[in-house]
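A.B. asks: Line by line, the protein sequences are chains A and B. First residue of the first sequence? That's 1 in the numbering used here, and the numbers climb one at a time after it. First residue of the second sequence? That's 150 in the numbering used here, and the numbers climb one at a time after it.
Check the hints yourself; a few may be wrong.
[Unchecked claim] Computed cross-link-like contacts, DSS-like style, restricted to lysine-lysine with a CA-CA straight-line distance of at most 27 Å:
{"hint": "1", "chain 1": "B", "residue 1": "160", "chain 2": "A", "residue 2": "102"}
{"hint": "2", "chain 1": "A", "residue 1": "11", "chain 2": "A", "residue 2": "102"}
{"hint": "3", "chain 1": "B", "residue 1": "223", "chain 2": "B", "residue 2": "251"}
{"hint": "4", "chain 1": "B", "residue 1": "223", "chain 2": "A", "residue 2": "98"}
{"hint": "5", "chain 1": "B", "residue 1": "160", "chain 2": "A", "residue 2": "65"}
{"hint": "6", "chain 1": "A", "residue 1": "98", "chain 2": "B", "residue 2": "160"}
{"hint": "7", "chain 1": "B", "residue 1": "170", "chain 2": "A", "residue 2": "112"}
{"hint": "8", "chain 1": "A", "residue 1": "102", "chain 2": "B", "residue 2": "251"}
{"hint": "9", "chain 1": "A", "residue 1": "11", "chain 2": "B", "residue 2": "251"}
{"hint": "10", "chain 1": "A", "residue 1": "98", "chain 2": "B", "residue 2": "247"}
{"hint": "11", "chain 1": "B", "residue 1": "261", "chain 2": "A", "residue 2": "144"}
{"hint": "12", "chain 1": "B", "residue 1": "247", "chain 2": "A", "residue 2": "74"}
{"hint": "13", "chain 1": "B", "residue 1": "251", "chain 2": "A", "residue 2": "70"}
{"hint": "14", "chain 1": "B", "residue 1": "247", "chain 2": "A", "residue 2": "62"}
{"hint": "15", "chain 1": "A", "residue 1": "112", "chain 2": "B", "residue 2": "160"}
{"hint": "16", "chain 1": "A", "residue 1": "70", "chain 2": "B", "residue 2": "261"}
{"hint": "17", "chain 1": "A", "residue 1": "98", "chain 2": "A", "residue 2": "21"}
{"hint": "18", "chain 1": "B", "residue 1": "214", "chain 2": "A", "residue 2": "74"}
{"hint": "19", "chain 1": "A", "residue 1": "11", "chain 2": "B", "residue 2": "261"}
{"hint": "20", "chain 1": "B", "residue 1": "261", "chain 2": "B", "residue 2": "247"}
{"hint": "21", "chain 1": "B", "residue 1": "223", "chain 2": "A", "residue 2": "144"}
{"hint": "22", "chain 1": "A", "residue 1": "74", "chain 2": "B", "residue 2": "251"}
{"hint": "23", "chain 1": "A", "residue 1": "62", "chain 2": "A", "residue 2": "98"}
Rather than coming from a laboratory, the hints here were simulated on the basis of the structure.
2 protein chains.
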Amino acid sequence: MENKLPDIHLKPIGTVRSPLKERERRDAAEVIAEIIIDPALAEGLDNLIEFSHIIIIYYMHKSSKPAPLKVYPKYRTEPTPVGVFASRSPDRPNALGKTTVKLLERHENVIKVQGLDALDGTPVIDIKPCIPDIDSVPDARIPKWMTKT
Amino acid sequence: MENKLPDIHLKPIGTVRSPLKERERRDAAEVIAEIIIDPALAEGLDNLIEFSHIIIIYYMHKSSKPAPLKVYPKYRTEPTPVGVFASRSPDRPNALGKTTVKLLERHENVIKVQGLDALDGTPVIDIKPCIPDIDSVPDARIPKWMTKT
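Let the hints inform the model, and build the full structure from the sequences given.
C.D. replies: Next up, the structure:
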């Protein structure tokens, strides 16, 4: 059944401008980046600044293709890989990234954010307001191998 | 510059099987749904059950096209609309949905989840583990018009 599903075509709404130029395993919590939105869509950013945090969905254009089904997550010490959907690896069947960032400023079609781990030049697909009631699960359980220490 | 960005083509990884058949403004917190993953990708679900919550990214195939740039969010009482990117409206330039759900079961290429507000037949684009450290911002500020009461 799944194989009959038609492909999905998306048109990026904008582009990331970031000091992050190459793939590397680093913490982006302090990184300040801009997102340049298609000026034709600028009006869609109205009211966004009323939210402290927003969700950026982007296309990780430098990911490996075809994507592996098993990957080695950053902090896992065991030598066995895990399923790609149980990881946040950028190498995945549809290379979409999802990052919750702090919204600092908006000027017309440009927003400035903190904490975006997307590379410079990354196409942005969607922006959504972060709503704790539906987006935050502070007590979600994660396996030991996903923790840093 | 944005206009030169190439379109992005995605191939759904699976399909939602849900009791939700039509668009309506309802709370899906108690809804139990299945996601049938392309059997060729089933191995990518390994280890997923080690997480209590997962993030589903899907394509809202019944959304209005072309999308409006201003929308009327569910709980907003003021008569003025807000920018679409400041809303979670399914009618948006790229109709991607993002829902954090509780993972109940996984059997081979099928997972059972609770809290998915996607309609029956919705193409699923990506599944990611929910990691509170990066996905939860419990104290994120939202505007008054976004709250229920």
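A.B. asks: Going straight from one Cα to the other, do residue 214 of chain B and residue 74 of chain A come out at no more than 27 Å?
C.D. replies: 40 Å, violated
A.B. asks: Check whether the Cα positions of residue 98 of chain A and residue 21 of chain A lie no farther apart than 27 Å.
C.D. replies: The hint holds at about 18 Å.
A.B. asks: Check whether the Cα positions of residue 247 of chain B and residue 62 of chain A lie no farther apart than 27 Å.
C.D. replies: 22 Å, holds
A.B. asks: Are residue 70 of chain A and residue 261 of chain B close enough, with their CA atoms no more than 27 Å apart?
C.D. replies: Holds, because 21 Å separates the two Cα atoms, which is no more than 27 Å.
A.B. asks: Please work out if residue 11 of chain A and residue 102 of chain A have their alpha carbons no farther apart than 27 Å.
C.D. replies: 24 Å, holds
A.B. asks: Residue 112 of chain A and residue 160 of chain B were given as a pair; does the straight-line alpha-carbon distance stay at or below 27 Å?
C.D. replies: Roughly 31 Å separates the two Cα atoms, so the pair is violated.
A.B. asks: Given the hinted pair residue 62 of chain A and residue 98 of chain A, is their Cα-Cα distance within 27 Å?
C.D. replies: Answer holds: residue 62 of chain A to residue 98 of chain A is near 15 Å, not above 27 Å.
A.B. asks: Is the Cα-Cα distance between residue 170 of chain B and residue 112 of chain A 27 Å or less?
C.D. replies: 39 Å, violated
A.B. asks: Assess, step by step, whether the Cα of residue 223 of chain B is no farther than 27 Å from the Cα of residue 98 of chain A, and give holds or violated.
C.D. replies: 24 Å, holds
A.B. asks: Between residue 11 of chain A and residue 251 of chain B, is the straight-line Cα distance small enough, at 27 Å or below?
C.D. replies: Distance of about 30 Å is beyond 27 Å: violated.
A.B. asks: Given the hint that residue 223 of chain B pairs with residue 251 of chain B, does the C-alpha gap stay at or below 27 Å?
C.D. replies: 24 Å, holds
A.B. asks: Check whether the Cα positions of residue 160 of chain B and residue 102 of chain A lie no farther apart than 27 Å.
C.D. replies: 30 Å, violated
Violated hints for the displayed structure, listed by number in ascending order: 1, 7, 9, 15, 18, 19, 21.
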